[in-house]
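Q: Chains as they are written, first to last, in UniProt numbering: chain A, 1 to 313; chain B, 1 to 335; chain C, 1 to 293.
Hint data in this document are derived by calculation from the structure and do not stem from the laboratory. Small disclaimer: the values here were computed from a predicted structure and weren't measured. Any given hint might turn out to be false.
In silico lysine to any residue, SDA-like type, Cα no more than 20 Å apart, as pairs [what the hints assert, rightly or not]: (1) B:K95 <-> A:Y224; (2) A:K233 <-> B:M109; (3) B:K68 <-> A:G126; (4) B:K95 <-> A:S223; (5) A:K233 <-> B:N159; (6) B:K68 <-> A:A14; (7) A:K233 <-> B:P114; (8) B:K68 <-> B:Q261.
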Amino acid sequence: MAAYILRRMLSAIAVMAMVGIFVFLLLRLAPGDPADILAGDTATEEMVAGIRASLGLNDPLPVQFVYWVRHMLGGDFGISIFSGRPVLELISQRLEPTLSLSILTMILAVTVGVSFGILAAWRTGGLIDRLLVVFSALGYSVPVFVIGFFLIYFFAIRTHWLPVQGYKPFESGLGPWFVHLILPTVTLSLAYIAFIARVTRASMLEVLSEDYMRTAAAKGASSYAMLFHHALKNAGVPILTVIGISFAYLIGGVVLTETVFNIPGIGRLVVDAINNRDYPIIQSVLILASGMYVLINLTVDLAYTLIDPRIRY
Amino acid sequence: MQMHKSVGEDILLDVRNLETHFFGEESVTRALGGISFQVMKGETLGVVGESGCGKSVTALSILRLLPKQTAATVGGVVRFQGRDLLELSEREMRKIRGDKIAMIFQDPMTSLNPVYTVGRQIAEAVQIHTGAFRSIAMAKAEEMLRFVRIADPERRVNNYPYEMSGGMRQRVMIAMALACSPELLIADEPTTALDVTIQAQILRLIVDLKERMGTAVMFITHDLGVVAETCQRVIVMYAGRIVEQATVTDLFARPMHPYTQALMRSVPDGRQGQQRRLPEIPGIVPNLREPIIGCSFAPRCPFAIDICREKTPALRDVESGHAAACWRSDEIVCA
Amino acid sequence: MRLPSATLETGPPVPLGLCGLARLVRRRPLVLIGGGLLTLLVVLALAAPLYAGDPVNMDPFKRLHPPSAAMWFGSDNLGRDVFARTIFGARISLLVGLLSAACAAVAGLVIGILAGYSRSFDNIVMRVMDGLMSIPTILLAIALISLTGPGIGILIVAIAIPETPAVARLVRSVVLSVRERPYVEAALCGGARLPKVLWRHIVPSTIPALMVQSATVCASAIMTEAALSFLGVGVPPEIPSWGNMISSSRLFLSIAPMTVFAPGICLAVTVLAVNLLGDGLRDMFDPRAKRRR
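Given these sequences and hints, build the entire structure.
A: Rendered as structure tokens:
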């Protein structure tokens, strides 16, 4: 087990190193002098020279890379070109809305997606199953921002049931916070519900035809016990895998959802950063996003052992 | 023998005209073409036949465990303790399964849930039917493991199926089935998937436990040798019908159906030396998707005459307690 | 990390005659519906100049008009015909989607085959692929575009690169299983040269999986293009594309919903058509998967 974790950590570090090299090269490959870019449009000659010296841009590339990595590991993600503030500070200011949206979305997507998939597998060809076919076709095909505008139009503009857009911080009260997050959460989770439900259905179907399900039935187990006790745990590994993938890639959808609903989160930060060509922010978010991905995958791999006793590393 | 004292109260399970169909995309397979038989209290009834003849379907139809989307029991009565199982609600049926009628399956490697300990799986049966607390049920599970003679039950109770051998898993299956002291145990080829040496142990275990608990056993097998060792009465099935029904002694002494006779000839009996080539039954099993006219065995039967191809013979008593479904049983009995 | 069972297991390549194709289409309506819808969209997009009207002409007196006989979908905030813009937008979406998918498929095929054949190449390149896969598609595309600024060329490359690793992995897994097959060993033992064996035996067996994966990639590429344009980093704003239209009309959603919904629905229908085609192809090449889904 320990050996496995160690091996898994090493490969995670390898992936992060790849991402690190890529992100590092991003600024160096961008047309123009990195120091010019980092200094911004209004900088003087001296400021550019100062930045060049402070980043060691006169050193050879590998040296620069080591230098850059050391900064990152020390928590120094650089200074935003546009606002002149430390990137880490900007990110932490934007963390709450993004985390709120992500966590609510995952809760909704996992509970609805898994139950939807189980019910569809329970009665294949039944109403819920056919509903899932239609729903997943839509979930896979309608882009998240199109869903967002539809929901805004019908549930906010036409009916005034929910706020059109914006975000209320958690400290302004649970009610306003939640009400403002309902539409964004539903918008973002639809595709993931479809994804999770489809994989849940497929792996449940596979398990339901196993011999041990017949044994359970011969024992007198109820449908509930059969589905949730006997089948779900056996179908758990693929389900956990897609939940992991969904969560790991969530930030892509978050960027779009935050733009649609005008939520001041990390997604907006990135979009503004592209328009301002604010490389340190883009670089940092890339590193953090892929770090999340690697971390989630690692967690999921280790969680397999909790589900299936046969998996021993 | 058993047949003579078969008055009403000794009958545990009474199956009449059981008919089960499978539904394919474009066809209907008549897996059971209306079969009738009884299981007496405490007896061991053997059910023999080739694979695909409907032995397992019979068992699954009785317990109503067939997949609902593809199979249905379309006719008949399964009377058990005064009630027709086919008429019960799903909820009432669940109370029968595992408590009054238990079943063990062919392949112990795939019949246990891989993600739970064997103790929990045995305990589950106890919990479902007695409502006992987990701790009490686990104690019972341990007791059951000792009962099926698994060494070191205190430790084994916390094992996962993958940590056990095939024979041991089948013992676990038996422990699970017997945990609630059922009236009837249906054993569907319980030794087929096991090594020969283990097979004998498991057979002896089932016979032994049956004696101690007084449980009736319906023993499904394709192995006539197993029948001879374990059963009192036998039914022989072919193509979804019962073709012969007799006590074990009668059946082996005077097989009355050509199919039974052919079956017996194709079993190596050890006396005639190793060199003799075993006769096989020529022809193939009929396709149950099409209606069968006449006796289903007629195309493969050396004794078939015109009537065999035109009218289906009913199962009738040729001698007392010895029935066969053949037009020519009386003539061929000693052939 | 184990991939979910959604990944495609490929059987042996299915021989496709014309007659066989016709029969398959009859038995697989998804291919017909998806393919038909997609063909229709392509024809409509290509023929746009013949019937759709002018997508860029602005008319300050006809701003945000509701749908009418003259302008089926109404007009946008600059008085441009939304119908014409939507039809012309299809050209960009399909162009970018198909080209990106083609780039990703070719790049993935080459990388996957080389990785499946050479262990040293495999070790290095698949690590790079792992790295690319760890960055969410949109962020990676954004990062690549930030190198040069918006433009169609960089857009296609930026969409293709994040999609390539999945294709490469799939092709690699097929190659790894095919190279163990007896007929490949036999060909090599018989003195056939490696490139010939690759071309003759290995490439063809990757085709079914590649076709299915390409459809998925294409759907994803069309969505990514629209998303990037919506975020303002995709297609340059002067070219009508669905993402651009939604982005520039979003403020007028309450007054003229068609300006957002028309391109949105077209986008969804296009992606749906490609997805249906992909699902149909999957069922065609791997009938076992159909039962599971």
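Q: Among the hints numbered above, which are violated by the structure, and what are their numbers in rising order?
A: 6, 8
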